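I would like the entire structure built from these sequences, with the hints used as guidance.
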Amino acid sequence: MAGRRVIPGFGLSLGFTLFYLGLLVLLPLAALVVKASSLGFAGFAQVLGSPQVQAALRVSFVSAAIAALGNGLFGLLLAWVLVRYRFIGRRAIDALVDLPFALPTAVAGIALATLYAPQGWIGQWFARADIQIAYTRAGIVVALTFVGLPFVVRTLQPVLLDLDAEVEQAARSLGASRWQTFSRVILPALVPALITGMTLAFARAAGEYGSVVFIAGNMPGQTEIAPLVIMTRLEQFDYAGATAVGAAMLAVSLLLLLAVNLLQAWTRRKLGGA
Amino acid sequence: MAFHRILRSFTALALITAALLTQIAGCSSKDGDTAQPGTSLTLLNVSYDPTRELYKEVNAAFADDYRRKTGIDVRIEQSHGGSGKQARSVIDGLQADVVSLALGYDIDQIAAKASLLPADWQCRLPCNSSPFTSTIVMLVRKGNPRAIRDWGDLTRQGVSVITPNPKTSGGARWNYLAAWAFAQRNGRDPREFLAALYANVAVLDLGARGSTTTFVQRNIGDVLLTWENEAYLALKEFGADRFEVVVPSISVLCETPVAVVDTVAMRHGTRNAAEAYLQFLYTPQAQDIAARHGFRPRDASVAARYADKFAPLVLVGIDSFGGWPQAQARHFAQGGLFDQLYGGR
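One line per chain: the protein sequences are A and B, in this order.
Note that this note's numbering has the first sequence beginning at 106, numbered continuously upward.
Note that this note's numbering has the second sequence beginning at 26, numbered continuously upward.
For the record, the hints were derived by calculation from the structure and aren't laboratory data.
Quick caveat, the model's predicted, so the values are computed rather than measured.
For every residue, glycine included, the Cβ atom is placed at its ideal position computed from N, Cα and C.
Nothing false has been slipped in among the hints.
Here are the computed distance ranges between Cβ atoms for each label pair: (1) B:Thr67 - A:Gln369: 49 to 59 Å; (2) B:Ser274 - A:Gln159: 32 to 42 Å; (3) B:Leu119 - A:Ala345: 18 to 28 Å; (4) B:Glu269 - A:Trp230: 23 to 33 Å; (5) B:Gly347 - A:Gln159: 23 to 33 Å; (6) A:Leu201 - B:Asp344: 55 to 65 Å; (7) B:Gln120 - A:Ser118: 33 to 43 Å; (8) A:Trp230 - B:Glu300: 52 to 62 Å; (9) B:Ala172 - A:Pro133: 50 to 60 Å; (10) B:Gly264 - A:Phe121: 55 to 65 Å.
This is the structure we're talking about:
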């Protein structure tokens, strides 16, 4: 069977793929689980039962969700503008979208903290309205939105490019209003890619450490993110406790990814039938 | 056929790797403990955050001194970061010939968790292996608009305090203990006092340098609790016209110890040089450099020369907290008194 393929070497490439994934992904995950399991169930429950850990997990996942939703909305807008309109500087803006990928996260965090601090270029305007962004949860969301944006835009762009403009014209000529065209014709085609993009942005944001610690106040129970709790546990040579929090994050992320995949399948069925 | 090609490239790769490994092994065996005049060696000093500028100058002075005395060229590489993180790196295999950290506790951990040096390391050099000391002072904005004179002023309503997280920063642990010592000696309940103090903390950075940045560059907070040397550095870097140092009535005697990491130094064949390096820190020349960088010298004659720079105050050592293992377990461990300040268990 393998011999009839255009590119030979199925066995070899599959073997390599499995080996590579095992080495790069499964091995560290296995190490994580093994280390965490050294705590036993009681120890594990004690670590996760502490209010500080729970608060940190909540801060991380809730902030990541808000950031992902914001990115979904504005990422869609951005992708739409970049694909559908031709204007001067389009390529430059297109390239800018990748910046959060390329910038070291610590640099991004320090830059954002400088901008949004009460004396910063942006922060001072909010400070006049008595709103503080840096060193609050809002600051965390700002940083997470920054790191997640490219995921949404880059997943939506190819889908938007494939979307035939004639379909919209057809919808219009058949009497659909602008809103109907958008909500019944364009959006359904975009939803799977939009969900994928938002999921990627969410997953990236939930585990983000480098940029957040500079703009979050890092106050236990308030602005302390879960990866920081992991770091503080490590600082105290509490390796097992750190891996327990890590394993909990992993479990929550896997559950959410599973839920999103089910949602994907469901929307595809529903929209496919329509 | 393709398979053969891959096999061949694998063999080539393996040969190159093997060649490189022998090369590395060859290098390290050449540097025996008996380094000859005319040869050179490298030491890695793994240190904490605010000693960057200090060791840059000390290292150059030591290199000159050592070349003159032995004819051996020694180059010292520096690594800086939060004290706890640095200790963890050494435990996890960072090849430090010498460590110079913010707390004895961190070096204790290297001895306990990785057995890279004996448990009684702190008796090997004079003055608890701490060639210079520091203390915790307060940095306030010019003119001291909040009239902060002592620890008691930090719990006043509306005063915003900047200090790093004791969980991640060695310096922050000293800050916390200094406040504790003040409360104890002034008839206040230390736990209530610290709860009130930490309720006024605006940002808990991860390390001393981070807190300095928050206070100095982000303009957040009325008072920064920090190392005396870090406070002087802030004055020097950002201008004495913007900040002033407030010396409280009481503070902690921060011994910041140094040690040769025996196992690593033996393997590198750098033990003699590493020991000479640490002994050099006690010479008047190095003590003078330290004093200029804001560290309190142990050498009496150097200390006398800088008497006006280092204000006298009551200094409490870690012994009055029962030593580091006990202080760590009681205050900073998971579920300890610091966690309880934030409602943790």
